[in-house]
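Those protein sequences? They're chains X and A, same order as listed. Heads up: the first sequence at position 46 corresponds to 46 in the working numbering, and the numbers run straight through without jumps. Start counting at 1 in the second sequence, then tack on 160, and there's your number in the working numbering.
None of these hints come from the bench; they were simulated from the model. Treat the hints with care, since some could be wrong.
[To be verified] Below, simulated EDC-like cross-link-like pairs (lysine to aspartate or glutamate); rule was C-alpha separation at most 20 Å, straight line:
(1) X:Lys150 x A:Asp206
(2) A:Lys301 x X:Glu17
(3) X:Lys150 x X:Asp49
(4) A:Lys301 x A:Glu174
(5) X:Lys150 x A:Glu194
(6) A:Lys301 x X:Glu37
[Unchecked claim] Here are the in silico distance ranges between beta carbons for each label pair:
(7) X:Gly128 x A:Ala199: 28 to 34 Å
(8) X:Glu122 x A:Gly287: 48 to 54 Å
(9) A:Gly287 x X:Glu28: 45 to 51 Å
(10) A:Ala283 x X:Ser144: 21 to 27 Å
(11) X:Arg32 x A:Pro290: 18 to 24 Å
(12) A:Glu174 x X:Leu21: 33 to 39 Å
Built from N, CA and C at the ideal position, the CB exists for glycine as well.
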Amino acid sequence: MSALDTRDWSVLEALQEGIPLLPRPYRELAERAGMDEGEFLARVTRLRDEGVMRRMGFRVRHQRTGTLGNIMVVWRVPEERVDEVGEILASSDAVSHCYERPPFDGFPYNVYSMVHAPTEAEAVETVGELARRCGLEDYQLLRSVREWKKSTPVYRRPEE
Amino acid sequence: MSDLRSRLLELVQEDFPIDPRPYLRLAERLRTTEDEVLAELSRMCDEGLLRDLSPVLNPRALGSVTTLCCLRVPSERMEETAALVSAYEEVTHNYERDHEWNLWFTLVSASRVRIDAILREIALTTGLGPVRELPARRVFKLRAVFRMEEQ
């Protein structure tokens, strides 16, 4: 992956402000970034191909799209089974995120997953199925009680 | 939900065209007009189904650090503590969960030093002990695309 230059950062800053609902949205953003539409699109394409952008897309409010059950599930997985369990969880359509994270004192869980379903009851049922498929018994469901903050991360160019 | 709406919703989450006329390209794929695509997207934004249209970036490729943290907060102190944590611009998500460790938040910053400073400050200001930090050791999946339920 090549290093980002200052014009790449201008593109990223313009994109992070949001793409307008206009017939030529990139031309608008290119102007803000101080370049022509052709260069802007070429840079966006390169940033996507290089994986700097994971994808380009609208973000949804999933509580309103028929996905009401969202549960963080933490799993205690023996070190030698982390790979296998990670693969099983990741292959489920109900799992959006899955990470290995370090356990801490009194909290021996080392694999984290976000499980989604249309209702909470279905999400709980899905967690039970995943547990059976992974052959795991020690796990906990952490339901979200309240969303105190949810914002789109804004990435800024590193200070010189 | 109309067929156009659910198909459009799937397309725009994952694969928004990088093209001078992206809405026209979407219209061609959905066999409708550019005006109709723009109108439908505008309605979905007004109704709160869609948030912003922007890229999902890879923090590591940008030199940014992301991390997940948690705190154990007595219920009578939840509101003030959650507000204090949320006030940091670097905190992007902050959720209360039904567990002994009940406040979970994520941070993003171009500076590791800044993250350390914030976590120390939170611990010091709240007096709730060190913040537990659980950085991802490995990512098995990262994909937040939701399908519409047929209604």
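Of all the hints given earlier, name the ones this structure violates by number, lowest first. 2, 3, 5, 6, 7, 8, 11, 12
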